[in-house]
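Add chain B to chain A, keeping to what the hints say.
Number of protein chains: 2
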Amino acid sequence: MDLDRATIERLVEQITKEVLILLREEEASAQSGSECLSCNGQCTGKCPDRTQAVIDAGASRIGNPLGSTSVAVEIAHMIDHTLLKADASQEQIAQLCYEARKHGFAAVCVNPANVKLAAQLLKGSPVAVCAVVGFPLGATPPEVKSYEAQQAIEDGATEIDMVINVGALKSRDYELVERDIATVTRTCHHNRAICKVIIEAALLTDEEKVKACQLAKAAGADYVKTSTGFGPGGATVEDVALMRRVVGPEMGIKAAGGIRTFEAVKQLVKAGATRIGASAGVKILQEARAAA
Amino acid sequence: MDLDRATIERLVEQITKEVLILLREEEASAQSGSECLSCNGQCTGKCPDRTQAVIDAGASRIGNPLGSTSVAVEIAHMIDHTLLKADASQEQIAQLCYEARKHGFAAVCVNPANVKLAAQLLKGSPVAVCAVVGFPLGATPPEVKSYEAQQAIEDGATEIDMVINVGALKSRDYELVERDIATVTRTCHHNRAICKVIIEAALLTDEEKVKACQLAKAAGADYVKTSTGFGPGGATVEDVALMRRVVGPEMGIKAAGGIRTFEAVKQLVKAGATRIGASAGVKILQEARAAA
Numbered sequence: 001m002d003l004d005r006a007t008i009e010r011l012v013e014q015i016t017k018e019v020l021i022l023l024r025e026e027e028a029s030a031q032s033g034s035e036c037l038s039c040n041g042q043c044t045g046k047c048p049d050r051t052q053a054v055i056d057a058g059a060s061r062i063g064n065p066l067g068s069t070s071v072a073v074e075i076a077h078m079i080d081h082t083l084l085k086a087d088a089s090q091e092q093i094a095q096l097c098y099e100a101r102k103h104g105f106a107a108v109c110v111n112p113a114n115v116k117l118a119a120q121l122l123k124g125s126p127v128a129v130c131a132v133v134g135f136p137l138g139a140t141p142p143e144v145k146s147y148e149a150q151q152a153i154e155d156g157a158t159e160i161d162m163v164i165n166v167g168a169l170k171s172r173d174y175e176l177v178e179r180d181i182a183t184v185t186r187t188c189h190h191n192r193a194i195c196k197v198i199i200e201a202a203l204l205t206d207e208e209k210v211k212a213c214q215l216a217k218a219a220g221a222d223y224v225k226t227s228t229g230f231g232p233g234g235a236t237v238e239d240v241a242l243m244r245r246v247v248g249p250e251m252g253i254k255a256a257g258g259i260r261t262f263e264a265v266k267q268l269v270k271a272g273a274t275r276i277g278a279s280a281g282v283k284i285l286q287e288a289r290a291a292a
Numbered sequence: 293m294d295l296d297r298a299t300i301e302r303l304v305e306q307i308t309k310e311v312l313i314l315l316r317e318e319e320a321s322a323q324s325g326s327e328c329l330s331c332n333g334q335c336t337g338k339c340p341d342r343t344q345a346v347i348d349a350g351a352s353r354i355g356n357p358l359g360s361t362s363v364a365v366e367i368a369h370m371i372d373h374t375l376l377k378a379d380a381s382q383e384q385i386a387q388l389c390y391e392a393r394k395h396g397f398a399a400v401c402v403n404p405a406n407v408k409l410a411a412q413l414l415k416g417s418p419v420a421v422c423a424v425v426g427f428p429l430g431a432t433p434p435e436v437k438s439y440e441a442q443q444a445i446e447d448g449a450t451e452i453d454m455v456i457n458v459g460a461l462k463s464r465d466y467e468l469v470e471r472d473i474a475t476v477t478r479t480c481h482h483n484r485a486i487c488k489v490i491i492e493a494a495l496l497t498d499e500e501k502v503k504a505c506q507l508a509k510a511a512g513a514d515y516v517k518t519s520t521g522f523g524p525g526g527a528t529v530e531d532v533a534l535m536r537r538v539v540g541p542e543m544g545i546k547a548a549g550g551i552r553t554f555e556a557v558k559q560l561v562k563a564g565a566t567r568i569g570a571s572a573g574v575k576i577l578q579e580a581r582a583a584a
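Protein chains in written order, with my numbering: chain A, 1 to 292; chain B, 293 to 584.
Next up, chain A with everything else stripped away, as it sits in the complex (with noise of 0.2 angstroms):
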């Protein structure tokens, strides 16, 4: 799923004019006193160590803004851009790739089709490739998902977003759960990848949310994720801070599914999410700004 020379002379082309303006991104953020210095601003989203610093600090820092630049570059590198529509083409990829470098997104998120096309063009940025597994209805089986978290990170994934088996957790076989999660997070770890375990949220009882947390953080992952984006609902306030309880302060804890909006980011984060998954990353920067 190679572009033409052409496109990628002209994207290699784009990109080498924005790189100017991202570097004067963050020399702003390094002056405005943001605390993320030590990793290029980065670990906000990836650390799940600095997890309950981010809830404490970077979220009433989020909801009063100290400074737009301050605010906006920190809320970007929260942001997972996300595209993965099954119509999405190699040019939107692209697109997307541009857009999180321009904007310093902490990855974008695509199907594993086309994470080759975007490790290729993100090659040198501090942008991760995210790629979904089992996506979106977690309905593989534990060795099918481990299969396609590998060949998604031989061909450039560092972050790797699962969908648990909701068939088997709905069945209580939480064997399975825990051992389709924990395989295919030891693929990830093997590999210095980072797992994200989706739960879709929207199908499952309160009850069943609390199990499926609790999975997770015993099958080791890294992160859990409320919701597809693709099921009956996404990410909201509550499920965040149901999850944040049974997690912990270890784990990380991304909201998609349905953000489109800087005051749902600001909620979210409150409520103790750690990393966002949207499709509407850059009208959230825009409005991140101008509320400042």
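Everything labelled a hint here was simulated from the structure, so no lab data went into it. Mixed in with the good hints, there may be bad ones.
Simulated restraints, written as ranges between beta carbons of each label pair [to be verified]:
#1 A:261 to B:466: 52 to 60 angstroms
#2 B:553 to A:292: 54 to 62 angstroms
#3 B:581 to A:232: 27 to 35 angstroms
#4 B:578 to A:190: 48 to 56 angstroms
#5 B:481 to A:191: 26 to 34 angstroms
#6 B:512 to A:175: 38 to 46 angstroms
#7 A:206 to B:384: 16 to 24 angstroms
#8 B:483 to A:291: 31 to 39 angstroms
#9 A:190 to B:387: 36 to 44 angstroms
#10 A:207 to B:498: 45 to 53 angstroms
#11 A:207 to B:464: 29 to 37 angstroms
#12 B:583 to A:233: 33 to 41 angstroms
List of simulated lysine-lysine pairs, DSBU-like, C-alpha gap at most 30 angstroms [claimed, not checked]:
#13 A:116 to B:503
#14 A:266 to A:85
#15 B:415 to B:462
#16 A:102 to B:462
#17 B:408 to A:211
#18 A:211 to B:562
#19 A:170 to B:415
Ideal Cβ positions, reconstructed from N, Cα and C, are used throughout, including at glycine.
Here is chain B on its own, set in the frame of chain A:
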């Protein structure tokens, strides 16, 4: 994902009772002049070689039923009894298999995670197990779809419904689309399974529908299939007619997505469909019997 002993025993008991009903239906079918005696009626939906005969003879017979039992049996043999929801429980899969045996459906169509259970419950019956692959987005690489198909076949599937790489088609990367289909088809045929190719027509222009069908035919697939049931639209008479014009009489056509009535089935078969994917199969059969 095994059922507990009590559930299995209850299912075996139910199935044993229903075998008598099934046998009586088949005997009635033989006496009413069905043309499918040599293969127990299964050929109607399964043999691409017989597609044209089915369209010419079967469709008109379904349109003008000779008798309720004959028509109901014939329609049942065209139906892939389908349950693909993310939260389908093991009990619901068991119920699906029970109904498929009872009514003599061509196959059950399930997600890969449920194939082993379905194959276990349908062992010794003429009902095939059909697994969806790369479903429903079609956005995994060829080797992942092939691995997923191989695993499903090892778990007991004899039919694979794969989704094309829609994004690659939109990007006019026809080499990738065909290689994707050919890779899965080869895996299927190597294991004596059949391969159906879901083009997700509702996402495509007519030109793209034609191209998708041509590529599926060139790749050696057995069927083209209209829809996943998870896209923005389901099977239409116009799409089936277009697909039949493109693939000619040699290939099977599976209409799927939103098919809920006997009337719809008749129209789709008349347009060229040789298999029907539906979750409403039992209701459709009831209507077929009532209409006679």
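Hint check:
1. The hinted range of 52 to 60 angstroms is not satisfied by residue 261 (chain A) and residue 466 (chain B), whose Cβ atoms lie roughly 40 angstroms apart.
2. A hinted range of 54 to 62 angstroms holds for the C-beta pair residue 553 (chain B) and residue 292 (chain A), which are about 56 angstroms apart.
3. For the pair residue 581 (chain B) and residue 232 (chain A), the beta carbons lie near 34 angstroms from each other, so the given range of 27 to 35 angstroms is met.
4. The hint said 48 to 56 angstroms for the Cβ distance between residue 578 (chain B) and residue 190 (chain A), and at roughly 52 angstroms that hint holds.
5. Between residue 481 (chain B) and residue 191 (chain A) the C-beta distance comes to about 33 angstroms, which sits within the given range of 26 to 34 angstroms.
6. Restraint check, residue 512 (chain B) to residue 175 (chain A): a C-beta distance of roughly 40 angstroms satisfies the suggested window 38 to 46 angstroms.
7. As the Cβ distance of residue 206 (chain A) to residue 384 (chain B) is approximately 22 angstroms, the hint placing it in 16 to 24 angstroms holds.
8. The given range of 31 to 39 angstroms is broken by residue 483 (chain B) and residue 291 (chain A), whose C-beta atoms sit roughly 58 angstroms from each other.
9. The hint said 36 to 44 angstroms for the Cβ distance between residue 190 (chain A) and residue 387 (chain B), and at roughly 39 angstroms that hint holds.
10. Here the CB-CB span from residue 207 (chain A) to residue 498 (chain B) is close to 48 angstroms, well matched to the stated 45 to 53 angstroms.
11. The hint said 29 to 37 angstroms for the Cβ distance between residue 207 (chain A) and residue 464 (chain B), and at roughly 49 angstroms that hint is violated.
12. With their beta carbons about 39 angstroms apart, residue 583 (chain B) and residue 233 (chain A) fall inside the hinted range of 33 to 41 angstroms.
13. With a CA separation close to 25 angstroms, the supplied pair residue 116 (chain A) and residue 503 (chain B) stays within the 30 angstroms bound.
14. Taken as a hint, the residue 266 (chain A) and residue 85 (chain A) pair is honoured in the structure, with Cα atoms around 26 angstroms apart against an allowance of 30 angstroms.
15. Restraint check: the Cα-Cα separation between residue 415 (chain B) and residue 462 (chain B) comes to about 41 angstroms, which exceeds 30 angstroms; the hinted pair is violated.
16. The suggested pairing of residue 102 (chain A) with residue 462 (chain B) holds, with an alpha-carbon distance near 26 angstroms, which does not exceed 30 angstroms.
17. Pair hint residue 408 (chain B) plus residue 211 (chain A) holds up; C-alpha atoms about 25 angstroms apart against a cutoff of 30 angstroms.
18. For the hint linking residue 211 (chain A) to residue 562 (chain B), the alpha-carbon distance of about 49 angstroms lies beyond 30 angstroms, and the restraint is violated.
19. Using a Cα cut-off of 30 angstroms, the hinted pair residue 170 (chain A) and residue 415 (chain B) holds, with the two alpha carbons roughly 25 angstroms apart.
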